[in-house]
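Next come the chains, spelled out residue by residue.
There are 2 protein chains.
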Amino acid sequence: MDIKNYVKNYFEQIDWSQEPKNLYAPIDYALQSGGKRIRPTLVLMAAQLFGGDIEQCIKPAAAMEIFHNFTLLHDDVMDNADVRRGRPTIKAKWDDNTAILSGDAMLIKAYQYLEDVPADKLLAVVKLFSKTALEVCEGQQYDTDFEKREDVTIEEYYEMIRLKTAVLLAGCLKLGAILGGASEEDAQNLYDFGIAIGIAFQLRDDYLDCYGDEKTFGKKIGGDILCGKRTFLLIQTLKKCGVSQRQTISQLLKNTAIAGEEKIATIIDIYTQMDMPTVCNEAMEEYYVKAMASLAKINKTDEEKAPFVEFAKNLMGRID
Amino acid sequence: MDIKNYVKNYFEQIDWSQEPKNLYAPIDYALQSGGKRIRPTLVLMAAQLFGGDIEQCIKPAAAMEIFHNFTLLHDDVMDNADVRRGRPTIKAKWDDNTAILSGDAMLIKAYQYLEDVPADKLLAVVKLFSKTALEVCEGQQYDTDFEKREDVTIEEYYEMIRLKTAVLLAGCLKLGAILGGASEEDAQNLYDFGIAIGIAFQLRDDYLDCYGDEKTFGKKIGGDILCGKRTFLLIQTLKKCGVSQRQTISQLLKNTAIAGEEKIATIIDIYTQMDMPTVCNEAMEEYYVKAMASLAKINKTDEEKAPFVEFAKNLMGRID
Numbered sequence: 000m001d002i003k004n005y006v007k008n009y010f011e012q013i014d015w016s017q018e019p020k021n022l023y024a025p026i027d028y029a030l031q032s033g034g035k036r037i038r039p040t041l042v043l044m045a046a047q048l049f050g051g052d053i054e055q056c057i058k059p060a061a062a063m064e065i066f067h068n069f070t071l072l073h074d075d076v077m078d079n080a081d082v083r084r085g086r087p088t089i090k091a092k093w094d095d096n097t098a099i100l101s102g103d104a105m106l107i108k109a110y111q112y113l114e115d116v117p118a119d120k121l122l123a124v125v126k127l128f129s130k131t132a133l134e135v136c137e138g139q140q141y142d143t144d145f146e147k148r149e150d151v152t153i154e155e156y157y158e159m160i161r162l163k164t165a166v167l168l169a170g171c172l173k174l175g176a177i178l179g180g181a182s183e184e185d186a187q188n189l190y191d192f193g194i195a196i197g198i199a200f201q202l203r204d205d206y207l208d209c210y211g212d213e214k215t216f217g218k219k220i221g222g223d224i225l226c227g228k229r230t231f232l233l234i235q236t237l238k239k240c241g242v243s244q245r246q247t248i249s250q251l252l253k254n255t256a257i258a259g260e261e262k263i264a265t266i267i268d269i270y271t272q273m274d275m276p277t278v279c280n281e282a283m284e285e286y287y288v289k290a291m292a293s294l295a296k297i298n299k300t301d302e303e304k305a306p307f308v309e310f311a312k313n314l315m316g317r318i319d
Numbered sequence: 000m001d002i003k004n005y006v007k008n009y010f011e012q013i014d015w016s017q018e019p020k021n022l023y024a025p026i027d028y029a030l031q032s033g034g035k036r037i038r039p040t041l042v043l044m045a046a047q048l049f050g051g052d053i054e055q056c057i058k059p060a061a062a063m064e065i066f067h068n069f070t071l072l073h074d075d076v077m078d079n080a081d082v083r084r085g086r087p088t089i090k091a092k093w094d095d096n097t098a099i100l101s102g103d104a105m106l107i108k109a110y111q112y113l114e115d116v117p118a119d120k121l122l123a124v125v126k127l128f129s130k131t132a133l134e135v136c137e138g139q140q141y142d143t144d145f146e147k148r149e150d151v152t153i154e155e156y157y158e159m160i161r162l163k164t165a166v167l168l169a170g171c172l173k174l175g176a177i178l179g180g181a182s183e184e185d186a187q188n189l190y191d192f193g194i195a196i197g198i199a200f201q202l203r204d205d206y207l208d209c210y211g212d213e214k215t216f217g218k219k220i221g222g223d224i225l226c227g228k229r230t231f232l233l234i235q236t237l238k239k240c241g242v243s244q245r246q247t248i249s250q251l252l253k254n255t256a257i258a259g260e261e262k263i264a265t266i267i268d269i270y271t272q273m274d275m276p277t278v279c280n281e282a283m284e285e286y287y288v289k290a291m292a293s294l295a296k297i298n299k300t301d302e303e304k305a306p307f308v309e310f311a312k313n314l315m316g317r318i319d
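Keeping their order, the protein sequence lines are chains E and V.
Numbering follows numbering that gives the first Met the number 0, with no gaps: position 112 of the first sequence is 111.
Numbering follows numbering that gives the first Met the number 0, with no gaps: position 211 of the second sequence is 210.
Keep in mind the hints are simulated off the structure, nothing from the lab.
Note that the structure is a prediction, hence the values are computed from the model and not measured.
Ideal Cβ positions, reconstructed from N, Cα and C, are used throughout, including at glycine.
For the chain V half of the interface with chain E, some residues (derived, Cβ under 8 Å), not all of them:
| no. | residue |
| --- | --- |
| 1 | Pro19 |
| 2 | His73 |
| 3 | Met77 |
| 4 | Lys108 |
| 5 | Ala118 |
| 6 | Leu122 |
| 7 | Lys126 |
| 8 | Ser129 |
| 9 | Ala132 |
| 10 | Cys136 |
| 11 | Glu137 |
| 12 | Gln139 |
| 13 | Gln140 |
| 14 | Tyr141 |
Taking lysine-lysine pairs in the DSS-like style, the calculated list, with each CA pair at most 27 Å apart, reads:
| no. | chain 1 | residue 1 | chain 2 | residue 2 |
| --- | --- | --- | --- | --- |
| 15 | E | Lys126 | V | Lys120 |
| 16 | E | Lys239 | E | Lys147 |
| 17 | E | Lys147 | V | Lys92 |
Generate coordinates for the entire structure from the input sequences, incorporating the hints supplied.
Right, here's the structure in full:
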């Protein structure tokens, strides 16, 4: 069976029908949402690359997916988001408190899914998991901090998305590499591949928030604009445009009198004038090339590494 | 140096001045709040009872205190509480989102504080920690569920406070026992001691919410009443009183037109009429006796176990 289906089937058979129902039913709902399961798939792909057994790695792989979904529950409370992947969020379907507490339980559950790894790998696995998880929190904090700052540099932005998005994908790959028995060097190169592809992934997410199709994107277009998020498009536009345009954008973002739809349309219009689709695609391409360079260093044949190239290509044209 | 001071000094020297500041400063504030450090003290007391080295156990002991404070951050968001231990809560001093995200980071940090335990104990320690943490979430969920139910039985109440409060104290004791090298049987008896004393502790907390001194209690009197919490006092009063009084209480709790202070005074008045201070103290005594019975089974001398008797006695007359 291919990895994707294996992961899909694995999640379908997890039973969350425990008591208290109001704690576990939201977890079930969150995990049955039909996301792409990118993260556990990456764990298994990496494990397989180094000769690991997929069945023995599925629980730690699932831990990464559970962790990822935990972050979504809490992010949706913090961002006050009612729709995710085209469905009501937990906070919308239940309430904020449910999203907070069920999220907490998911984070702990994720750790429980690491308990069965071989004893000689437990410390490395738990360390990697906690380090990654904490970095994701740090990324989320920077993202929030940046909403209140107008002077965020592109370097700060890249560091923020490295933490918020890329380290988790890279962490999944490294987890699989550790479980599969990779050398430290190969594990690090695969991690670096994950960082670069994760940054490209987030750039695409920023792009799709403005230029995506609401149906396939699963979220409302322009959400980042309404939240005042410092996205790649905004930072690069502010960098590129003149002083008067900078003021226009700044005032527009702060303006609460203007309707959301109008604000979104006006800002996207400025982005387009500033050629942001091209600028953003060039940046994605840059990180795609970096990812391929890291992948090339890994001591495996091109054929063995082909699934990672395919994954990277898919990511450039798809969304989770 | 005695354990309490050792713990106190340990927490004073932890440096939380990392970036992003908005993530770590609230953690620093939460952990410098001057709580009684009951939980890490219990870990070290238990470790010492079985011959463990205190310095080698301080980090996992600290993990329990960090975990406990994580729950407070999120509880205060969920309960909309602005004051804790006589100071503004994180959600009041910063905001809800800060309390959520810094809380998440604390939970992960707690796991990181377990990383240095001896390799042959890591799995047992991580398992105990996750099991305990998840049970605390389950207890919190039951507590929330019970607010919407009028038919909560005293048995359901005891199970709820076992999960919400007692398992963490018991988990601290078991953690120390594991680290100190106790037999499974001794570790279990110490755990059972912790469950009984934890239940007595929560009964006292319910009692103090109505009959405590606001200054030493650190929270506003009557908070449980305003939240509609199903406390020992409420459940036992509803059990004891007649049908018409039951209706009076039920309507009073739901009444949003009446001022909070009046509601609190009226409800406490009914509790007093129903002899709740005595009923509550008898229940505490019952669990104190159970705790002593479990302690007696542990294969150590009375002198060695004396600190646990003293701890239990203190707990009956003190608060965290």
